[in-house]
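Q: Sequence:
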Amino acid sequence: MTIRLPGAGGALRTYEPRTEPLAVTPGTPFTSRTVFSAAHVVADPFADVSPDSPAAVDWDATLAFRRHLWSHGLGVAEAMDTAQRGMGLDWAGAAELIRRSAAEARSVGGRIACGVGTDQIASGTLAEVRAAYEEQLALVEESGAQAILMASRALAAAASGPEDYLEVYGHLLRQAAEPVVLHWLGPMFDPALEGYWGSADLDAATDTFLDVIAAHPDKVDGIKVSLLDAQREIDIRRRLPKGVRCYTGDDFNYPELIAGDEQGFSHALLGIFDPLGPLAAQAVRVLDTGDVRGFRDLLDPTVGLSRHLFQTPTRFYKTGVVFLAWLAGHQTHFTMVGGLQSARSLPHFATAYELADGLGLFPDPKLAEERMKTLLSMYGVNQ
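Anchor point for the sequence shown: position 211 equals 211 in my numbering, and the numbering is continuous, going up by one each time.
FYI, nobody ran anything at the bench for these hints, they're computed from the structure. Bear in mind the structure is a predicted one, so any value in this text is a computation, not a measurement. Check the hints yourself; a few may be wrong.
[Said to hold, decoys possible] Capping the alpha-carbon separation at 16 angstroms, the derived lysine to aspartate or glutamate pairs in EDC-like fashion look like this: (1) 242 to 203; (2) 366 to 16; (3) 373 to 354; (4) 366 to 20; (5) 373 to 16; (6) 242 to 201; (7) 366 to 354.
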């Protein structure tokens, strides 16, 4: 089997796909790390909608993918900002996703945490931002899922300084029924979040972020840091109150951050663990035995694929994630909510296919090859 793939310069090269996938099987629950995958949604390809319409979701395929992740022991981080919100699902769609996924998690015993934001409003006063957060927090708690307090575009626009973040987050944490995860999303994922926590200076922003946690340590299960800066995450991790976890959101440096050092380690809440789910689960089970080297041997080779999918503009990483889910047979089509299947180039897809195939991520390499050839033919590349 060979396939001709285009490079960035337009020239075609011959690639020989794998014939066998990486051998992975579901196993025992993790003991050393808590691991979430920020899972994608599957669009309904037959819905007559435009990119500006409310998202049309294939609920059966969307929930089936979550069962796939749960079967390997991963938790599902649902309705997250980078995975669905702000670029695809509106609040009404996200609310329905939360209800359905939380119910599915209960039925199969899967772990789920859901994003709480303010995307039902485009802008507003601090009081309106707080009310929007409260509405979403109430729905997530009613569903029985853990809450992840996400960064808010509306809060970034309304806040005049660090004190406004302290007030809004303090209010939400005081009323939260159970400990939540705080998510710091960097502007590389969403430019509207520049200057979050009241300052464009990351050191000052970090101090405010940690002040919020220090004032309410009993209401913070953990933090998710998505700044793609490994050293800053390590520095923040070392300053957390005892009992507050760090969930890495660094899709560039996750193996070393999860492995940790003599002073601690990160748990994980990652978008890249959507396509890497079974392999990531196998690596964490190796880590559970204390075999750090074996863990790194499995996970380090995946970083090249992750860095490729998350390359600038980073917010379009989900296009590659859905593309790989289609090649892997988790869905029957390559269509995305908001029409985002057009957000990456053919050479980008070709490299993603080659890297994922090299890792053995496709359960049926022949199916992946056939689907890749179908995509290539649509772009005028005949085999």
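Q: All hints, please: hold or fail.
A: Right, here's what the structure says about each hint:
no.: 1; hint: 242 to 203; in the structure: violated, 21 angstroms
no.: 2; hint: 366 to 16; in the structure: holds, 11 angstroms
no.: 3; hint: 373 to 354; in the structure: holds, 12 angstroms
no.: 4; hint: 366 to 20; in the structure: holds, 9 angstroms
no.: 5; hint: 373 to 16; in the structure: holds, 13 angstroms
no.: 6; hint: 242 to 201; in the structure: violated, 26 angstroms
no.: 7; hint: 366 to 354; in the structure: holds, 13 angstroms
Checked against the numbered hints above, the structure violates hints 1, 6; every other hint is satisfied.
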